[in-house]
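Student: Each chain, letter by letter, is given below.
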Amino acid sequence: MKIAHHPDTATLMAYAAGTLDEAFAVAVSCHLEVCDECRNSVRWAAALGGGFLCEETGTTPLSEGAFGRLLERISATSETPHTAPDRVSLAGDGVTRGTPRALSGYLDTDLELIRWKRIGPGVWQKPISLSPGASSSLRLLRIAPGRGVPEHGHGGQEITLILSGAYRDEIGYFGPGDVADLDEHVEHKPQVVSDEDCICLAATEKPTRFKGIAGRLLQPFVGI
Amino acid sequence: MFIPSATIPERGMNANADLAQSHRALIGRIAEHRDKDAFAELFDWYAPRVKAMLVKQCGSSEMAEDIMQDVFLTVWLKAGQFASSKGAVSTWIFTIARNRRIDVFRKQSSWHYVGIGEMEFPDEAPESADVLLSGEQDSLVAQAAATLPEEMREVIHLAFVEEKSQSQIAGELGIPLGTVKSRTRRAFEKIKQQLEGVL
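These protein sequence lines map, in sequence, to chains P and R.
Position 51, counted from 1, in the first sequence is what the working numbering calls 51; the numbers after and before it change by one each time, with no gaps.
To convert a position in the second sequence, counted from 1, into the working numbering, add 224.
Because the hints were derived from the structure by calculation, they are not lab data.
Since this is a predicted model, take the numbers as computed values, not measurements.
Keep in mind that the hints are not guaranteed to be accurate.
To be verified - Pairwise CB distance ranges (calculated):
1. R:G252 - P:P132: 37 to 47 Å
2. R:G395 - P:S104: 45 to 55 Å
3. R:G402 - P:V193: 24 to 34 Å
4. R:H257 - P:P61: 26 to 36 Å
5. P:E187 - R:T371: 52 to 62 Å
6. R:E256 - P:E79: 13 to 23 Å
7. R:S284 - P:S75: 45 to 55 Å
8. R:S308 - P:E79: 36 to 46 Å
9. R:A241 - P:R73: 50 to 60 Å
10. R:T371 - P:P145: 43 to 53 Å
Glycine residues also receive a C-beta, built at the ideal position from the N, C-alpha and C atoms.
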């Protein structure tokens, strides 16, 4: 399936610069695994970083004997030079195959074996632990067919990557590989339209404010 | 603080292209012959730049030097791998430094971090990336950046050289976050347009 919804260009630029907070970086990384177009944009942006490194950063004198110490480390390392490229299987067609690489390091199990915690009728979640210093949070959400997530306003940027299933909201149809990259001004009400559960990875910046009575009841359980 | 530098147009495109080509040649010698002279030459050129970038980002000269050392250990170990790709050396080294910095900061917070962004140099680059980044053309990207309107240049300089997040940039410049994002978007589009004309 072709990917229809991508991260904002500004988000991809921040990813390339290395300034996205952890949850967002993981979500964007997972998207890049399946999206040639965005991988390309990130390459462009990284080339910008490379250009700046050469032309604009300036130089800072190294400490005495820096190169000598580097050579010592090289002779001391047990690691042998890599000759063959690290094989990275990149689908590039919007099809997520199993657990995305960028996510797998954060999970102690495969995506299929996750122990979900029910947080409301037809809605489950799995919070994902990040570095203690992270100022964003990451979670997997699983939503049953026909169910929706209560309408909510965003307290900041929110990136949602669809891993399986699909939902539809005011913006459009979101299937596997699609990303909703929303800022605080967007309010949406996704409804799962696939026959299977919709599993998505959601990176958020600040606590999400749920609206309506159901939402207010749900919020303490969701903890988002 | 944003410090305008912009001495870029002084050197012609050919000089930039030659430099990029010579860096690739050095990588080739490291990859094929484990040539330490080539490595020293590459180190002499890039290490003070990588350190300068890292000092801006970490604020500590010692930490910058440590990360710089890690970066060049990786350059040595992965030169063979990189030689078979088509990217530019400067982009590659920028990416290694960026990833290493992120790693170090996450490790400081005692969480074992699994590298993000490793997929950026798959061996089979998409075709359009070949066109842009084969060999010397990355220096054109920096030249294109130098011609951007100051307000756009400023936000991408702060992001890429000083590694400031978009909200930090907004705070520093006293402009809304949305403005930082729209300038970033427009900068990207302008550079892309300009290079599509050249390449």
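Student: Now tell me if each hint is right for this structure.
Tutor: Hints versus structure:
no.	hint	in the structure
1	R:G252 - P:P132: 37 to 47 Å	holds (43 Å)
2	R:G395 - P:S104: 45 to 55 Å	violated (35 Å)
3	R:G402 - P:V193: 24 to 34 Å	holds (31 Å)
4	R:H257 - P:P61: 26 to 36 Å	holds (29 Å)
5	P:E187 - R:T371: 52 to 62 Å	violated (39 Å)
6	R:E256 - P:E79: 13 to 23 Å	holds (19 Å)
7	R:S284 - P:S75: 45 to 55 Å	violated (27 Å)
8	R:S308 - P:E79: 36 to 46 Å	violated (19 Å)
9	R:A241 - P:R73: 50 to 60 Å	violated (33 Å)
10	R:T371 - P:P145: 43 to 53 Å	holds (52 Å)
In the structure shown, a violation is registered for the earlier hints numbered 2, 5, 7, 8, 9, in ascending order.
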